[in-house]
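Chains as they are written, first to last, in my numbering: chain C, 1 to 216; chain P, 217 to 664.
Hint data in this document are derived by calculation from the structure and do not stem from the laboratory. Backbone N, C-alpha and C define an ideal beta-carbon position, used for all residues, glycine too. There could be a bad hint or two in this list.
Stretch by stretch, here's where chain P covers chain C in the computed footprint (C-beta under 8 Å, at least three residues) [unchecked claim]:
1. 47-60
2. 65-79
3. 87-101
4. 107-114
Derived DEER-like restraints, expressed as beta-carbon distance ranges [claimed, not checked]:
5. C:E74 - P:E251: 42 to 52 Å
6. P:L227 - C:H198: 38 to 48 Å
7. P:A527 - C:D96: 56 to 66 Å
8. C:E74 - P:A527: 54 to 64 Å
Each computed DSS-like pair below joins lysine-lysine, with the alpha-carbon atoms no more than 30 Å apart [to be verified]:
9. P:K364 - P:K271
10. C:K101 - C:K6
11. P:K271 - P:K415
12. P:K344 - P:K223
13. P:K226 - P:K364
14. P:K271 - C:K112
15. P:K223 - C:K101
16. C:K6 - C:K159
17. C:K101 - P:K226
Here is how the chains run, residue by residue.
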Amino acid sequence: MIHLQKIRKSYPSEADSGPVLDFEDWRVETGGQVALIGESGSGKTTLLNLLSGLIQPDSGVVSVEGSDLAQLSEAQRDRFRADNIGYVFQSFHLLDGYSVKENVELGAVFAKRHAEPGRAEHLLEAVGLGHRLQHTPRQLSVGQQARVAFARALVNRPKLLLADEPTGALDHESGRQVLDLLLSTARSSGITVVCATHDMDVAAAFENTVRVEEMQ
Amino acid sequence: MVMRNLKRRKLASILTGLSVSLGVGLFATVGALREASEQGFNRSASVCDMLVGAKGSGLQLTLNALYHMGQSQGNVPYALYEEISDTPGVLWSVPLAVGDSYRGKRIVGVTSNLFSDVRLGGADSTEKLVFADGGPFEYLRADLAELKAELAAHEHEDEHEDEHEHEHEHENEHDHEAHVRSMFKAVVGADVAIETGLKVGSHFTPSHGVEGVSSRHGHEEAETEVVGVLAPTGTPLDRAILIPIGAYYVIEGHEATEDMVEGGARDPRGLSAVMLSTKAGFYRTRIYRSLNDRLDAQAVYPSQEVRKLFAIIGQGDVILRLITALIVVVALVGVMVAIYNTMGARRREFAILRALGARRRTILGLVTGESAVIALLGGMVGLIFAGALIYAVTDQVHAATGVSVAAAPGLPELQLLVAVTLAGAVAGLIPALSAYRTEAAHYLSFNT
């Protein structure tokens, strides 16, 4: 379960314009699927960063699956992220020097327990890329890259899947396929999903939609 | 992951690695060559404890007598050899007479106890001279004494020729020539055998003079037979032709002339030098001092003279090592700059790894690891390069001095490799700290 309490987050460079996030209480049940919507600069990504432990709030509690990330050291948050969180980025952020299979395996390299043998291949088979294991990301279409990023996010069997505009770089049809794959897999595995998007069609596919401005 | 990153930037990695290998190669070559040369020279110097020769430079005496280099400073009286051979504390002595050569290889007159008494690697060593073929000639101190007495008597007879009876003259001459001919035997060093083709049973005619000052005049009357070939010793003996010292005295041109003072430095009846082995401690010191108190001779410790030589060379060596060390440092700075220049393009990569759970120190280790691996691989290539260079130069050193220099890498090279690898890691720290400070959230292009 995700539970954020009395969160306040501001950036030093934007101190004059007040905190980016300032709210009392927000929670998502385990296995829940939430779309974060809002204008650019509304704090969607800041909220994702707080949930991943990449940044710390100025104050408040960031509880993810029972761990208060705000109380953990940076190294502990790194380990927590490696063990419990999967990411899908808007531009997918695959590493060029690595094969498709290696990119997926990177998702579990830093975790306490490495992915079981064959896990990466299995996921790539599941997303229809079993025949492209040794290809490099540049040899794939944008839609295929999205599916590799999705497989990487799942390889360490995360409890929380964070996605930032996962369909932003895809055409409507490809976006729809990736989103369906993401949500159905998360649902069947009991993974909590928080997805930042400005696309209302994408948001509509989620169980819950939260407008970040309204949380404040 | 480190190797993968280096492979991705193959050209830059190879070029920076090569610059390290160049520096390490030169540094290792200079160091190893000096070390090995010193060891090689010491091995050659340790064939005897002391050298006795004419007054002058101790280093020149050592180089001329043991390394067959440079010119002789003059002779010491034969009587001195007899005197010091009987001195208490002297274990063995070998007289040396130089002045002739064959195809650039020096001919050295010795007594045959050299073959049994000399220990390669010093008095404590058990490494004797070994024959690859044939064996030694026989010519001991007693034979030399006998010859000296004969020569003295012959000179005396010449002075009083008109008083002698002529009827026995031809008979005596015949016996004398037969005796002389039996002395023209030689043992050649391993290199001499290879370079001149001399082998057991070969005959050759010595030339008067040594390389650089040899005359065209050959001692036709002194045709010499090779009776033995020494196995390689790694010392200048490999480049020498050893003959009975008596043969040297009967070769034409080595007789005394009227203008030469008997026992003086130009007296060809004297000796170029005497090699001595003595009991250690009190005896050695006493012999050394008593010889140096004389006006007609000096004693030197060859190992000390070699140390002095390397102390002189050492000044230049330090500068050379500093320069080569500087090349290594510059190469490592090059590694640092090359990696640092990639930092801007790689921040996204570090941010992704951080998002996947990599700790900051993992990123730090990744970048320092890349730098260290470049330094390690460059260092390894450098040591191979150094090995080849040393091998090539070793041949030249051996050709010039007879000293064998081993090119095999040892502990110092291993220590150098470790040091260069650590220095490489340190050089990588600056870009690594830059990578360490990368704020993942900033580079993941989330649109707040």
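Cross-check of the supplied hints:
{"no.": "1", "hint": "47-60", "verdict": "holds (count 5)"}
{"no.": "2", "hint": "65-79", "verdict": "holds (count 4)"}
{"no.": "3", "hint": "87-101", "verdict": "holds (count 9)"}
{"no.": "4", "hint": "107-114", "verdict": "holds (count 4)"}
{"no.": "5", "hint": "C:E74 - P:E251: 42 to 52 Å", "verdict": "holds, 49 Å"}
{"no.": "6", "hint": "P:L227 - C:H198: 38 to 48 Å", "verdict": "holds, 42 Å"}
{"no.": "7", "hint": "P:A527 - C:D96: 56 to 66 Å", "verdict": "holds, 58 Å"}
{"no.": "8", "hint": "C:E74 - P:A527: 54 to 64 Å", "verdict": "holds, 57 Å"}
{"no.": "9", "hint": "P:K364 - P:K271", "verdict": "holds, 24 Å"}
{"no.": "10", "hint": "C:K101 - C:K6", "verdict": "violated, 41 Å"}
{"no.": "11", "hint": "P:K271 - P:K415", "verdict": "violated, 37 Å"}
{"no.": "12", "hint": "P:K344 - P:K223", "verdict": "violated, 54 Å"}
{"no.": "13", "hint": "P:K226 - P:K364", "verdict": "violated, 77 Å"}
{"no.": "14", "hint": "P:K271 - C:K112", "verdict": "violated, 80 Å"}
{"no.": "15", "hint": "P:K223 - C:K101", "verdict": "holds, 18 Å"}
{"no.": "16", "hint": "C:K6 - C:K159", "verdict": "holds, 23 Å"}
{"no.": "17", "hint": "C:K101 - P:K226", "verdict": "holds, 22 Å"}
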